[in-house]
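**Q** Following the hints, put chain R in place on chain P, whose structure we already have.
Each chain, written out:
Protein chains: 2
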Amino acid sequence: MAVYTEVNDEDLANFTALYDIGSLKSFKGIAEGVSNSNFLLETEAGRYILTLYEARTETAELPFFIALMEHLAKKGINCPQPIVQRCGKALGLLAGKPAALLSYLDGISLKKPQAAHCAEAGEALAKLHLAGQDFAMQRQNDLSVKGWTQLFNNAEMGADSVQEGLHDFIAAELEYLQKNWPQGLPNGIVHADLFPDNVFFLSDKLSGLIDFYFASTDMFAYDLAICLNAWVFEADGSFNVTKARSMFAGYQRIRSLSSDEHEALPILVRGAALRFLLTRLVDWLNIPEGALVRPHDPLVFYKRLRFHQKLKNVQELGLVP
Amino acid sequence: MAVYTEVNDEDLANFTALYDIGSLKSFKGIAEGVSNSNFLLETEAGRYILTLYEARTETAELPFFIALMEHLAKKGINCPQPIVQRCGKALGLLAGKPAALLSYLDGISLKKPQAAHCAEAGEALAKLHLAGQDFAMQRQNDLSVKGWTQLFNNAEMGADSVQEGLHDFIAAELEYLQKNWPQGLPNGIVHADLFPDNVFFLSDKLSGLIDFYFASTDMFAYDLAICLNAWVFEADGSFNVTKARSMFAGYQRIRSLSSDEHEALPILVRGAALRFLLTRLVDWLNIPEGALVRPHDPLVFYKRLRFHQKLKNVQELGLVP
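Just so you know, the sequences run in chain order P and R. Using the numbering used here, the first residue of the first sequence is number 1066, and each one after it goes up by one. Using the numbering used here, the first residue of the second sequence is number 1066, and each one after it goes up by one.
Simulated from the structure, these hints should not be mistaken for lab results. Hints may contain errors.
Note that identical chains are pooled: a pair holds if it fits in a single copy or bridges any two copies.
To be verified - Straight line, CA to CA, 27 Å or less: simulated BS3-like cross-link-like pairs of lysine-lysine:
1. Lys1093 <-> Lys1162
2. Lys1140 <-> Lys1375
3. Lys1154 <-> Lys1375
4. Lys1377 <-> Lys1154
5. Lys1139 <-> Lys1177
6. Lys1177 <-> Lys1090
For reference, chain P alone in the conformation it holds in the complex (with noise of 0.2 Å):
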């Protein structure tokens, strides 16, 4: 739940006055989302998400996510589009910290997706990598295998408080994908935290992909992976076949996987996997003092991670080679 952030009446005056967009007329903090403190923002010109970026997105990259949502935007990727100041800059400053406003999207979140809706994700992924497939700018995935072992150091000492054990698992595992981490596999532009909080339904259809701030530079099909991993597991830790063979199904409609990327699949999900253990691993560790957001449970990734390390080929991960 993240409103970080205080606005108050002078500053949020101030900061609507640089955009064309008329009076105000609501405003409101959004419960939804982790990193930075979001909220509804309604003028006489239509409905904005107004976005504070807090320390954990760096300042330095805003630019690369700003130009990205106006790329995927003009390439028919619904997604949140900066709206310019009069002085046609998309970032701005409030409360102290950099702010950008966006357009609205309607759609809703869903809780418990089925597998008609894993399809259309899987669709919706594939689209957005052909459509990055001529931005100019690149961005270092700093949460692919080359960033686990400083997210590791960063948590390997409480490890075993939150599970006996994990320590010496993760650091097994870490071993394990670096020695074996693909190489050379088509890649792009990827949204890397694909989950369902991050794309909107209207209707059962799906409308619209949000929060682009994991977005960088890696494999389609490590993507593809986070993607999977996000979805297709049931709420008692099962992994429901069905749903990942339509989200692969739906992926392979717009962009054909190569033999290569079906045969390293089983090694990135298992890193997707290892990706967010660590990250909720080194959240849960460091709940800062008056903390208003609940971290993530890191053992739920655990135990998707278990699941893939059993794997004995691609089919059982709902992949037809």
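**A** For chain R alone, kept in the frame of chain P given last:
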């Protein structure tokens, strides 16, 4: 930041299907509010606030609040109006909690209201008092003088841990107020919690009132005393007499205060300050495990109460006798 209860897709769809409001377009948790869970819900028919009543709001009292909002809206007070289900009910059940769909009000609550806003708040409070006069239901104000002993019992053990000597200070004030609390003043429906977060403005004009869940039957002048405590102190703790005068003037443009009410106000403002000192103290000392809500600082109202204790006459409060 208040979303205590998660609403799943199926429950939400079933709930909205009970209303004649078309299909869902958007659903977002709202960070404002403390007692209940609030969501912004949009359908083809318009925008609504969905409120899930959490344990703090007595289920048995919900019909009073719902009927009051309906009554006040008919009397021209711009306040949320309960939307009724096809079967005629305004109260439903969602995710195991009593739930109501309310009309959405445009407007912004001010962080730093100015004197002109205080005048408008006073005026709106008086209009509310008049509009409630022919409302048929009654509800005892549990947070007035008769309820304070119970509140103090819940907080007295920990009072000195918040500030040395606070226990004895409150005990003495409580005794004084119980002996001197006025009787027989004009009474009727009071809002009882008209803080700036519960008042909306559009272009500096008051546009609506929200959050009627403390509304009850009590002395009008006590409601004004609450409002005064809530609006006219500055962030540094100083009393802004200009704002107080504006609020009294605004109130009296609609409803004149009697000489008995004048005389009682120095006691009533002490009572109002004690009421919020006590409830905030109870909340401060009883933060539930894993709470995502940061309680308000109780000592803000200790300082306001200390100010009121030193008043020599009503002029110092900003009231012309």
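**Q** Now tell me, hint by hint, if it's right for this structure.
**A** Structure-based check of all given hints:
no., hint, verdict
1, Lys1093 <-> Lys1162, "both (18 Å within a copy, 23 Å between copies)"
2, Lys1140 <-> Lys1375, "neither (39 Å within a copy, 67 Å between copies)"
3, Lys1154 <-> Lys1375, "neither (50 Å within a copy, 53 Å between copies)"
4, Lys1377 <-> Lys1154, "neither (52 Å within a copy, 56 Å between copies)"
5, Lys1139 <-> Lys1177, "neither (30 Å within a copy, 41 Å between copies)"
6, Lys1177 <-> Lys1090, "between (33 Å within a copy, 17 Å between copies)"
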